[in-house]
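Peer 1: Each chain is listed here by its residues.
Protein chains: 2
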Amino acid sequence: MCEANVYLLDEDGMPRLYLESVDKIIPEGDEIFLENIFYQRKQIKARIKEMALVEHKIILEKLIK
Amino acid sequence: MCEANVYLLDEDGMPRLYLESVDKIIPEGDEIFLENIFYQRKQIKARIKEMALVEHKIILEKLIK
Chain A
1 MCEANVYLLD EDGMPRLYLE SVDKIIPEGD EIFLENIFYQ RKQIKARIKE
51 MALVEHKIIL EKLIK
Chain L
66 MCEANVYLLD EDGMPRLYLE SVDKIIPEGD EIFLENIFYQ RKQIKARIKE
116 MALVEHKIIL EKLIK
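Here the protein sequences line up with chains A and L, keeping their order. Our numbering puts the first residue of the first sequence at 1, with every later residue one more than the last. Our numbering puts the first residue of the second sequence at 66, with every later residue one more than the last.
If you are wondering where the hints come from, they were derived from the structure by calculation, not from laboratory data. The beta carbon of each residue, even a glycine, is placed where N, CA and C say it ideally should be. Among the clues, some could well be false.
Unchecked claim - Here are the simulated PhoX-like cross-link-like pairs (lysine-lysine), alpha carbons at most 20 Å apart as the crow flies:
#, chain 1, residue 1, chain 2, residue 2
1, A, K49, L, K127
2, L, K127, A, K57
3, L, K122, L, K107
4, L, K107, A, K42
5, L, K122, A, K62
6, A, K57, L, K114
Claimed, not checked - Here are some chain L residues pointing at chain A (derived, C-beta under 10 Å):
#, residue
7, M66
8, E68
9, L73
10, G78
11, P80
12, V87
13, D88
14, K89
15, I91
16, P92
17, I102
18, E115
19, L118
20, H121
21, I123
22, K127
Stated by the list, open to error - So the derived label-pair ranges between C-beta atoms look like this:
#, chain 1, residue 1, chain 2, residue 2, range
23, L, M79, A, L17, 32 to 42 Å
24, L, E120, A, R16, 21 to 31 Å
25, L, E120, A, K49, 15 to 25 Å
26, L, L82, A, D12, 17 to 27 Å
27, A, K45, L, D95, 15 to 25 Å
28, A, R16, L, E76, 38 to 48 Å
29, A, D12, L, F103, 27 to 37 Å
30, A, I64, L, M66, 11 to 21 Å
31, A, G13, L, D75, 36 to 46 Å
32, L, K127, A, R41, 23 to 33 Å
33, L, F103, A, I64, 36 to 46 Å
34, L, G78, A, E31, 28 to 38 Å
Take the sequences, apply the hints, and build the full model.
Peer 2: Following this line, the structure appears as structure tokens:
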């Protein structure tokens with residue numbers, strides 16, 4: 001399976017696991033909707049900073065308003 | 066390998082293959098930088114509309130300015 005782990009950068013810029021085995025990623029305005037292969041869903045105000053699919057890694061950065 | 070094919074929506078909203086076997090995706094402002102496993106690189110003014118990683122599919126939508 002080719003899902004990826006989604007990490008969120010913390011205040012120190014360190015990636016923290018936010019949701020594992022993510023299949024679907026849908027950005028909508030300033031939010032990102034995530035769904036993993038276990039049908040867990042999360043929604044967060046963030047932007048995609050970087051994706052490295054071969055490493056199964058997606059990095060998100062929180063949007064501060 | 067867990068790369069994905071990147072499609073760009075055409076004027077009729079139909080997905081057209083833009084770059085195959087993409088590993089790295091880095092959004093920068095209103096541009097997206099792509100690199101595939103063959104080290105081919107492309108850069109486009111677009112936004113990520115939807116990703117379905119288990120299907121190896123990423124859909125981009127061109128930004129019209």
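Peer 1: Against the earlier hints, flag every one the structure doesn't satisfy and list their numbers going up.
Peer 2: 2, 4, 5, 9, 10, 11, 22, 26, 30 and 34
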